[in-house]
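Those protein sequence lines, which keep their order, are chains Y and F.
Every number in our numbering is 21 more than the matching position in the first sequence, counting from 1.
Every number in our numbering is 21 more than the matching position in the second sequence, counting from 1.
There could be a bad hint or two in this list.
Note that the list lumps identical chains together, so a pair holds whenever it fits in one copy or between two copies.
[Stated by the list, open to error] Straight-line alpha carbon distances no greater than 25 Å define the calculated BS3-like cross-link-like pairs of lysine-lysine that follow:
1. LYS240 with LYS152
2. LYS152 with LYS71
3. LYS272 with LYS292
4. LYS32 with LYS240
5. LYS152 with LYS35
6. LYS318 with LYS70
7. LYS71 with LYS32
8. LYS323 with LYS25
9. LYS71 with LYS315
10. LYS318 with LYS25
11. LYS70 with LYS315
12. LYS25 with LYS152
13. LYS318 with LYS91
14. LYS35 with LYS25
15. LYS32 with LYS167
16. LYS292 with LYS32
17. LYS35 with LYS323
18. LYS152 with LYS32
19. LYS292 with LYS323
20. LYS71 with LYS240
21. LYS292 with LYS240
22. LYS167 with LYS91
The hints are simulated quantities; they were obtained by calculation from the structure and are not laboratory data.
2 protein chains.
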Amino acid sequence: MALKVGLTSVKFEKGISIKSVSSAAGTMEGEGPLGGYIDILVNDNLYGKKTWEKAEAEFVKKAVETAVGKACLGFGDIDYILAGDLQNQSAASCYGIKDFGLPFFGLYGACSTFGEGLALGSILIDSGCGKNVVCEASSHFSAAEKQFRFPNELGNQRPRTSTWTVTGAGAAVLSEGGDTPCITGITTGRIVDLGITDANNMGAAMAPAAADVILSHFKDFGTDANSYDRIFTGDLGSVGSGLLTELLSEKGCDITRQHRDCGMLIYDTEKQDVHAGGSGCACSAVTFSMIYKKLLKGEYNKILFIPTGALMNPTSVAQGENIMGICHLIMIERRS
Amino acid sequence: MALKVGLTSVKFEKGISIKSVSSAAGTMEGEGPLGGYIDILVNDNLYGKKTWEKAEAEFVKKAVETAVGKACLGFGDIDYILAGDLQNQSAASCYGIKDFGLPFFGLYGACSTFGEGLALGSILIDSGCGKNVVCEASSHFSAAEKQFRFPNELGNQRPRTSTWTVTGAGAAVLSEGGDTPCITGITTGRIVDLGITDANNMGAAMAPAAADVILSHFKDFGTDANSYDRIFTGDLGSVGSGLLTELLSEKGCDITRQHRDCGMLIYDTEKQDVHAGGSGCACSAVTFSMIYKKLLKGEYNKILFIPTGALMNPTSVAQGENIMGICHLIMIERRS
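Same shape as in the complex, but just chain Y (with noise of 0.2 Å):
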């Protein structure tokens, strides 16, 4: 049973077991430092496919398959899977799992729908109604980019703020029995909503949103930045994450030893030219591969993982709206 904490937390006192991790990812990020930790290297962002679209859903397809496998498992075991991705009516998601016929919670927090789906798949796991869940999440830059911004062929200039969209998928199965390491909490994300309005500069609308429920998970738990080895945030890139140092400065709260952010990890952002950093749901969900490994090692006993998501669509931004954040935030431990 959970145990609810504070405002916006849920504890799992037995934890939830995270009992295998895959990634599956492109050219750039097989050449980024984490392409070491990446299960599927794929040479061609194409995946011998026709489009970028179907590319992507065959990075999940992929992503999910290894996952199960890792599990030692097959489908038949699978009791749920929740899957996210930036296509229009998350598309990728659908057609790549729409053939392992499992019940399937369609889930949408821009690029914290990983995050969303370890919290809504340790939930489901903690009530009974599964023993195995799948989570998992996408993102290709080509697809992203022709669908947010520009045509990719317009050879469009990116501004020094704007964040390169990593293309892979990242999957995940939960199970009971709370064998390490293992989800012994979530922090829920609330929409916050600081007047941005350029959708070059995801960062700066994100970071509030990731400010908003570390401080709430840090109240809620009764925590400050000491009692965890890593503070993962999702994508926020240099820029981002520079304002969130700020805006937790403001508050008395300072995370920057614990601190790295997905976006600055998955490329070498001085070689690599992808301006801010990383972004995109995979972003998040494909450095959880270096972060449970290294969480299997022991070089980590206790981390937050805080997928971070910017809420908009072109229409949005064309009709004057605010680009708003979201971040789920999942409490990661090692159980000995």
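Put chain F on the given structure of chain Y with help from the hints.
What follows is chain F alone, placed relative to chain Y:
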């Protein structure tokens, strides 16, 4: 504690109370047979806003405020909000609920989203994650036509198989306690792909998924159509409803006496020019106001509520992908 039943169902021994239900809708819906059940009727589908997209967000806001008010609760009493819609990146939900400051899980199940919300909302309550959860879904005819099909100004002729997207929003507050009427079980839908490619025949794309979830439910719970007073599908319309009957009869199953489709109830299909019926997330979500009132009055004792969804986007259709279906089944009972 939830009890898993069969392959794809869950039973809530204690029952999840449906504390309140609300709806807000537009002109056509007000003029239809269910007009008297809708809380907020707006005789202006722009709802005083400059765009249809903003109008839809206003329907969302009003439906949620009304549901919370009818439950005699304040926003401080609400633990989570689950919402989704048909706009790209679920924009109507995000902008509609942003000011409420609630922990938010964004969902996407196409027109089955309200069912997905009721399912996950029930699990959140059952697991102890919260005492009160708001579930909401919306759609808007003009926003949907523009986004999925043709610009409204084109005056494009609609084929007889097409349905009319409902303009409005529906919301419900779920609470712990097991008061009547309550949700006593769910059967979670799987993606079903029967090779439909016509974006003007969503009923045909969804009927196979409806048949799948109904047969799964009957098997999991050991029931048949006679166990229920009514079986409400979401928005199959006349074409999809006919197909559902055919598909079920192939399996020796007859639900015709109990079956009603929200898409055939919300408009007067003789007098209102909606072709095959109503559709959209709001179709089942708004019709739920009538269903709930009849449950309260004792006209029904046990029903199945099955919002139906078609998974696609215009890009996927243009790239030759099939339109797939998914449906989420909610079992609701009166308890004395």
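Quick rundown of the hints versus the structure:
1. Taking the shortest alpha-carbon separations for LYS240 and LYS152, only the inter-copy value of 20 Å comes in at or below 25 Å, while the best intra-copy value is 31 Å.
2. For the identical chains of this complex, LYS152 and LYS71 are neighbours neither inside a copy (37 Å) nor across copies (48 Å), given an alpha-carbon limit of 25 Å.
3. For a Cα distance limit of 25 Å, the shortest separation of LYS272 from LYS292 qualifies neither inside one copy, at 35 Å, nor across copies, at 61 Å.
4. For the identical chains of this complex, LYS32 and LYS240 are intra-copy neighbours only, at 13 Å inside a copy versus 35 Å across copies, given an alpha-carbon limit of 25 Å.
5. Taking identical chains as interchangeable, the C-alpha atoms of LYS152 and LYS35 lie at most 25 Å apart whether they share a chain (14 Å) or sit on different chains (21 Å).
6. In the homo-oligomer, the alpha carbons of LYS318 and LYS70 never lie at most 25 Å apart, since the shortest distance is 37 Å inside one protomer and 55 Å across protomers.
7. Taking the closest pair of Cα atoms, LYS71 and LYS32 never come within 25 Å of each other, the shortest separation being 45 Å inside a single copy and 44 Å across copies.
8. Within a single copy, LYS323 and LYS25 get their C-alpha atoms as close as 20 Å, which meets the 25 Å cut-off; across copies the closest is 31 Å, which misses it.
9. Proximity of LYS71 to LYS315 under the C-alpha cut-off of 25 Å is found in neither arrangement, the shortest distances being 37 Å within a copy and 51 Å between copies.
10. For the identical chains of this complex, LYS318 and LYS25 are neighbours neither inside a copy (30 Å) nor across copies (34 Å), given an alpha-carbon limit of 25 Å.
11. Taking identical chains as interchangeable, the C-alpha atoms of LYS70 and LYS315 are never at most 25 Å apart, the minima being 34 Å within one chain and 51 Å between chains.
12. For a Cα distance limit of 25 Å, the shortest separation of LYS25 from LYS152 qualifies both inside one copy, at 21 Å, and across copies, at 10 Å.
13. Only within a single protomer do LYS318 and LYS91 lie at most 25 Å apart by alpha-carbon distance; the minimum there is 17 Å, versus 52 Å between protomers.
14. Taking the shortest Cα distances, LYS35 and LYS25 sit within 25 Å of each other both inside one copy (14 Å) and across copies (19 Å).
15. Within a single copy, LYS32 and LYS167 get their C-alpha atoms no closer than 40 Å, and across copies no closer than 44 Å, so neither meets the 25 Å cut-off.
16. Taking the shortest alpha-carbon separations for LYS292 and LYS32, neither the intra-copy value of 41 Å nor the inter-copy value of 54 Å comes in at or below 25 Å.
17. For the homomeric pair LYS35 and LYS323, the shortest alpha-carbon distance inside one copy (15 Å) is at most 25 Å, but the shortest distance between copies (35 Å) is not.
18. Proximity of LYS152 to LYS32 under the C-alpha cut-off of 25 Å is found in both arrangements, the shortest distances being 18 Å within a copy and 15 Å between copies.
19. For the identical chains of this complex, LYS292 and LYS323 are neighbours neither inside a copy (31 Å) nor across copies (63 Å), given an alpha-carbon limit of 25 Å.
20. Proximity of LYS71 to LYS240 under the C-alpha cut-off of 25 Å is found in neither arrangement, the shortest distances being 49 Å within a copy and 41 Å between copies.
21. Taking the closest pair of Cα atoms, LYS292 and LYS240 never come within 25 Å of each other, the shortest separation being 39 Å inside a single copy and 58 Å across copies.
22. Taking CA atoms no more than 25 Å apart as the test, LYS167 paired with LYS91 passes in neither setting, with 34 Å inside one copy and 44 Å between copies.
Hint compliance for this structure: hints 2, 3, 6, 7, 9, 10, 11, 15, 16, 19, 20, 21 and 22 are not met, and every other hint is.
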